[in-house]
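Engineer: Protein sequences, first through last, are from chains U and D. With the first letter of the first sequence counted as 1, position 182 gets the number 197 in the numbering used here; the numbers rise by one all the way through. With the first letter of the second sequence counted as 1, position 338 gets the number 353 in the numbering used here; the numbers rise by one all the way through.
Careful: at least some of the hints might be erroneous.
Put simply, identical chains are the same to the list, so a pair is met inside one copy or across any two.
Result set (BS3-like, lysine-lysine): computed pairs, CA atoms no more than 30 Å apart in a straight line [as the list claims (entries may be wrong)]:
#, residue 1, residue 2
1, Lys25, Lys337
2, Lys461, Lys407
3, Lys337, Lys41
4, Lys411, Lys460
5, Lys213, Lys86
6, Lys410, Lys258
7, Lys136, Lys93
8, Lys223, Lys282
Derived by calculation from the structure, the hints in this document are not laboratory data. Please read these numbers as outputs of a predicted model, since none were measured by experiment.
Protein chains: 2
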Amino acid sequence: MSEKQSNQRKIVEPSILSGFMELLPKEQMVLTRMTDTIKKTFESYGFIPLDTPVLEKSEVLLAKSGGETAKQVYRFNKGDSDIAMRFDLTVPLARYVAQHYGELTFPFRRYHIGKVYRGEKPQKGRFREFYQCDIDIIGNGSLGIVNDAEIVSVIFSTFKALNIGAFKIMINNRKLLNGYFDYLNIENTVETLRIVDKIDKIGRENVKKELIKEINVSEEIADAVLGFLDNSGSVSDIIANLKTYEIENETFRQGLTELEAVCENIKALGVDEEYFTVNLKIARGLDYYTGTVYETLLCDYPQLGSICSGGRYDELASNYTKQSLPGVGISIGLSRLFYQLNEVGAIQYDNRCTPTEILFIPMSDTVTYTLEKATEFRNAGYSVEVYMNDGKVSKKLTYANKLGIPYAAIIGEDEMNSGVFKIKDMMSGEQFEVSSLEDAAKIIKK
Amino acid sequence: MSEKQSNQRKIVEPSILSGFMELLPKEQMVLTRMTDTIKKTFESYGFIPLDTPVLEKSEVLLAKSGGETAKQVYRFNKGDSDIAMRFDLTVPLARYVAQHYGELTFPFRRYHIGKVYRGEKPQKGRFREFYQCDIDIIGNGSLGIVNDAEIVSVIFSTFKALNIGAFKIMINNRKLLNGYFDYLNIENTVETLRIVDKIDKIGRENVKKELIKEINVSEEIADAVLGFLDNSGSVSDIIANLKTYEIENETFRQGLTELEAVCENIKALGVDEEYFTVNLKIARGLDYYTGTVYETLLCDYPQLGSICSGGRYDELASNYTKQSLPGVGISIGLSRLFYQLNEVGAIQYDNRCTPTEILFIPMSDTVTYTLEKATEFRNAGYSVEVYMNDGKVSKKLTYANKLGIPYAAIIGEDEMNSGVFKIKDMMSGEQFEVSSLEDAAKIIKK
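If we strip away everything but chain U, and leave its shape as in the complex, we get:
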C-alpha cells in the first residue's frame, strides 16, 4: 500500500490480554530449550507423544468437574457447539484413552507438552494460558508398582537435564495415611488428608486445631496424627520405623509394601538418596490419588513450592468408560516454573537470543561465495546465518553482539581468494584462522 494509505489507516495500539505470557527472544530461547530438554528426556523413557485439541465439547470436558474449575474454564458457543478450552492435560488424556481404548496398546505411556487455559484472577506468577508437561502410564485393569518408581527416575533425569540446581523429590503413599487414620478410627479421611496437606503452609499448631475442630478428634488423636507425620530420617530409617508400628490394617500394610518396593526400585534406577526422600506429610490436595504421591522441591528455592507433582490413581477415566484404567503420572507447570525461576534469578542467561552459532558477514562482492560457505557449514550441522543487509561492518558485528551470536566470520575478497578466513569468538575477542570444516570443529564449542 502507498505511504498515503498507510498514514490514513487507523493505528490500533498493539497489546495482549492481561494474564498471558509473551517473551522476548532472550527469554524465549531459554524456555524453548527447557521444553526441548523435557521432551527429549520424556522420549528417552519411551513415552509416546500425544496431541489433543485445545477445544473440546463442554459436556465431555466438564463431565466431572464442578466448583472452582468450572468457573475458570473458557467456555463459549459457536454454531451449534458448546465449546470449552482444556484446563489441564489429564481430562483430555482420560477422554482419549476411553475413546480409543480398542486401538491403544497398554500399558499406554504418553507425554504431552501443551498449553492449557484457566481464566483465573490474574496474579503474580499465575497465567491464564500456560504450558503443562505431563507424563502418564496407564494400565489396562492393572499396573505394576515398579512404574511408580520409574516416574521418580523420569523426574530425576528431567531436572538433572534442566540444570536448574539441587532438587529433592518427596514421595509418600496415601494408603499409609488412610490406613493410619482408619486405625485411629478417624472417619473423614478425605477431609483429614486435606487438612494434613496444609501443614507446611499453616504450621503444626493450626493443623492440630483444624483436626480437632473440623474432624472432631480428641487432642490425643490429633497428636498421634502429627507424630506420625513427623517420621523422618533416611529412607530406610523411615521404612524401618513404620514397620515397628503394630497396626492391623490392610490398607496401611499395602501402603508400606508399596512404598518399600518403590524406594528399592528408585535406587535400582540410579537415583541417589541425595535426590529423593520419603515425606509422610505429602498428601496432595486432589481426591483423585490413591497410592504413591510425589512432590519436588528446589533446594535453593523451597519457597517456590512443588515444581513437579503427581501420583498414582486407580481410575483414570471413570467418567468416560467402565474399563478400569489405573495409572501413575506427573505434571510440570512449565510457564509458572520458568516465571518463578526468572523472578528469583535462578536462570543463567548467556545472552543468546538466537539459535545462530556463526554469523557470516560478506563484503559486497563476496555474497555468492559466502552463501556457499554458509550452506557448507549448515550441512555440517551448524546453525548459520548470513548477514544480508547493507551497512558498515561494525554495525554487522553489533548485530552479532546484540543477539549473543557466539562466533562471527567476515568474508572479504582475500578470504574468498585464499579460502582461509578468521572465525572470531565474540565473547573473548580471539580470532582463529580456518580453512576447513575440520579447523572450525576445533574452535566452535557446541
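Given chain U's structure and the hints, the job is docking chain D onto it.
Structural biologist: Here is chain D on its own, set in the frame of chain U:
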C-alpha cells in the same frame, strides 16, 4: 473409588468436536517427527523461536480483517474481555513486532510453529484447529533482496529433510506482473492478479473470458496477458526472454532485477534448478504481497496444490505502527499437509508407535538388575523402556511388536549373572549377543 460408585456414575460418551484432528500413536509419531524436522531446519538458519498467546484481544487481532476471516474467527467474551483466537501466525507477528519494536534487533528473523483456529465449515482435509509453521524476516525500514533467496533455501532444506518426495519451488515477482499490466494500460491490477492466479484451477480460456468480462480489456490485451504468463523454460531462458521485452516501466524493470538477483543467490545457496523454477503464473491471492512470491508443489502429487507458500511484503504491521517494517516469509500448513500426504499414501510408516528403541524385559527376579541396565543404556543416549508388568514373555514381545519397538532384550538370571544378554532385532528376528554398550552400538541402528 469403589466399583460400586464407578458403576453408579453417569458415563459421558468420549468424543471430540467435528473438524478437529486427533491422531493415534503411529500417525502422531510421524507428525511429531515432521514437526521436529521443520523446527531443526528453521533453527539451522538462525530463525528465533517465537511463541505468542493463542488468545488475543479481538480489537487488536481483527484490526484489519473483515469478510470471510472475521466470520470464521472463534470469538467470545469472558469477564470484561472481548477475546479472539488467532487464525494465523502473521497477524500476531505484526502485533508482536510493533509492540516490542524498541526491544528487538533487526532484521528480526523468527519462526513460529503453533496451532491456529478457523471455524470454517468442516470438509475433507480442512481443520478448525491446525498447525502452521512460519518463518519471516522483518527489516527495519529496508530489507535486502538476498533474504528472498534465503527463504527458498529454507524451503529447499525443509522439504529435503522431510523426505516426502520430489518437489518444485516456484517463484515469481509481483512487480513483473503489475508492471506488465500497467504497460498494457490495465487499471485494475489487483483484480487482474486475482483472476490470473486462478489459471491452474479454471484454465486459460476461462481466465481469458473473465479478463474480458470483469477487467473490461480487449481480446488482444487478454491474449497478451496469457502470452506473458506462458514464458517457460530454464530460469536463465525465462529471464533472458523477459529482458527482450522492450517495456519502459519502472515497476517491471525492478521486478526483473529482483527476480534475477533472487535466482542467482538461490543457486549460490546450493539449490539446484531441479528444485526451483520461475513461474509467471504464480500471483498469490492476498493483496498483501508486493514482490517475490513463492509456491511449492510435490511433483508426484500436484493435485495437493501448494504445500508451502509466501512472499515479500512492504508493510508488516501498518495496523499497529507507523514504522515501516518490510518482510519476507512463508508458511507451511502442517496439519493439512500431513492429512493430505496420508490420504494419497505418501507417508512411509515403519510401524513405529513410540520413541522407544529397546525394550528390556526382566524376569521376575532380575527387575533391579534390568532397571540398572536400562539406566546405563539411557545415559548412553538410547530411548529405553523396561516392561514392568506381569505376564508371559510372549505377551511382552507382542507388546514390542505392536508398538513397533525395533529391539528387545530379555534379561533372565543367566544374563544377570554373566553380564551377557541377547538383543533381538524385532524386524528380522536375528539375535545378537552383547556384553557392553560398545557391542550394542554396533547392532542398534539409529
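Engineer: A separate judgement is required for each hint: does it hold in the structure or not?
Structural biologist: Evaluated hints:
no., hint, verdict
1, Lys25 to Lys337, "between (57 Å within a copy, 10 Å between copies)"
2, Lys461 to Lys407, "within (29 Å within a copy, 46 Å between copies)"
3, Lys337 to Lys41, "between (48 Å within a copy, 26 Å between copies)"
4, Lys411 to Lys460, "within (22 Å within a copy, 43 Å between copies)"
5, Lys213 to Lys86, "within (24 Å within a copy, 49 Å between copies)"
6, Lys410 to Lys258, "neither (71 Å within a copy, 36 Å between copies)"
7, Lys136 to Lys93, "both (25 Å within a copy, 12 Å between copies)"
8, Lys223 to Lys282, "neither (35 Å within a copy, 77 Å between copies)"
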